[in-house]
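Heads up: the sequence shown at position 25 corresponds to 224 in the working numbering, and the numbers run straight through without jumps.
Among the hints, erroneous ones may be present.
Unchecked claim - Cβ-Cβ distance ranges computed for the label pairs, FRET-style: (1) K322 with S292: 32 to 40 Å; (2) H326 with P274: 30 to 38 Å; (3) T280 with L240: 13 to 21 Å; (4) E252 with S370: 32 to 40 Å; (5) K322 with Y374: 24 to 32 Å; (6) N225 with P364: 37 to 45 Å; (7) C224 with K276: 17 to 25 Å; (8) N288 with L210: 23 to 31 Å; (9) Y374 with L263: 33 to 41 Å.
Stated by the list, open to error - Here are the simulated lysine-lysine pairs, DSS-like style, with alpha carbons at most 27 Å apart: (10) K382 with K291; (11) K268 with K238; (12) K268 with K253.
These are calculated hints, taken from the structure and not from any lab test.
From the three backbone atoms N, C-alpha and C, an ideal C-beta is built for every residue, glycine too.
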Amino acid sequence: MLRRNKKLSQLTDEALMQLLSTRLCNLALTEIHERYSKKVLGFFIRMTKGNVEKSQDLVQDLFLRILEKNHLFDPTKKFYTWMFTIASNMVKSSYSEKNHLGIEEGSNEFNFHHHFSENRLDKEVFHQLLSLAIEQLENHHSMVFVLRYMEELSIKEIAEIIEQPEGTVKSRLFYATKKVTQKLNDFRPEQVGQHFKLN
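Working from the sequences, and respecting the hints, build out all of it.
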């Protein structure tokens with residue numbers, strides 16, 4: 200990637216997208232990459248059950264798709280939502296290659312009580328437990344959970360990304376949140392309650 204341009208760094212995501220079809224294409228893509236590469240890498244890592252190498256490949260593929268599909272972007276819509284729609288579809292496609300990715304729904308059995316017997320959680324251990332709990336969710340449940348709580352997207356935005364009614368998103372989110380909360384609740388109930396609400 201090229202060095203960031205200070206002037207472009209002040210533009211909105213949507214304005215940068217409009218530059219992808221101009222001579223400033225490379226600079227605009229560099230700025231978008233700088234803003235979101237780490238965030239989407241984290242998303243892909245969660246959704247591929249920790250497969251870092253595959254996630255890095257998906258990140259590169261994502262930005263290539265953003266460049267190739269820039270003419271499909273509606274500048275009146277939020278770029279962030281559009282980007283995660285592409286990323287979400289890439290993950291869904293990857294589910295058909297489970298053996299290659301090492302993804303199998305419900306395959307990551309983990310004995311929480313055996314590994315963590317203390318009733319006190321520091322931040323690092325909490326996030327380790329959270330990641331393990333997410334890995335044990337079915338794919339369509341982990342998708343909405345990650346988009347809602349990790350990426351902090353709204354129900355409406357998630358519905359747009361996964362192309363499902365808001366009611367379906369809420370139902371999946373409720374189930375996923377309940378399952379994750381059950382896994383974490385034995386360790387520090389008050390901390391779990393601060394992170395995830397069931398309503």
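The hints, checked one at a time:
1. K322 with S292: 32 to 40 Å: holds, 34 Å
2. H326 with P274: 30 to 38 Å: The hint (30 to 38 Å, Cβ to Cβ) holds, given that H326 and P274 are roughly 36 Å apart.
3. T280 with L240: 13 to 21 Å: Given range 13 to 21 Å: holds, Cβ gap about 18 Å.
4. E252 with S370: 32 to 40 Å: holds, 34 Å
5. K322 with Y374: 24 to 32 Å: Since the Cβ atoms of K322 and Y374 sit about 26 Å apart, the hinted range of 24 to 32 Å holds.
6. N225 with P364: 37 to 45 Å: holds, 39 Å
7. C224 with K276: 17 to 25 Å: holds, 20 Å
8. N288 with L210: 23 to 31 Å: holds, 26 Å
9. Y374 with L263: 33 to 41 Å: Distance hint for Y374, L263 holds at roughly 34 Å.
10. K382 with K291: holds, 25 Å
11. K268 with K238: With a Cα-Cα distance of about 20 Å, the restraint between K268 and K238 holds, given a limit of 27 Å.
12. K268 with K253: holds, 22 Å
Checked against the numbered hints above, the structure breaks none of them.
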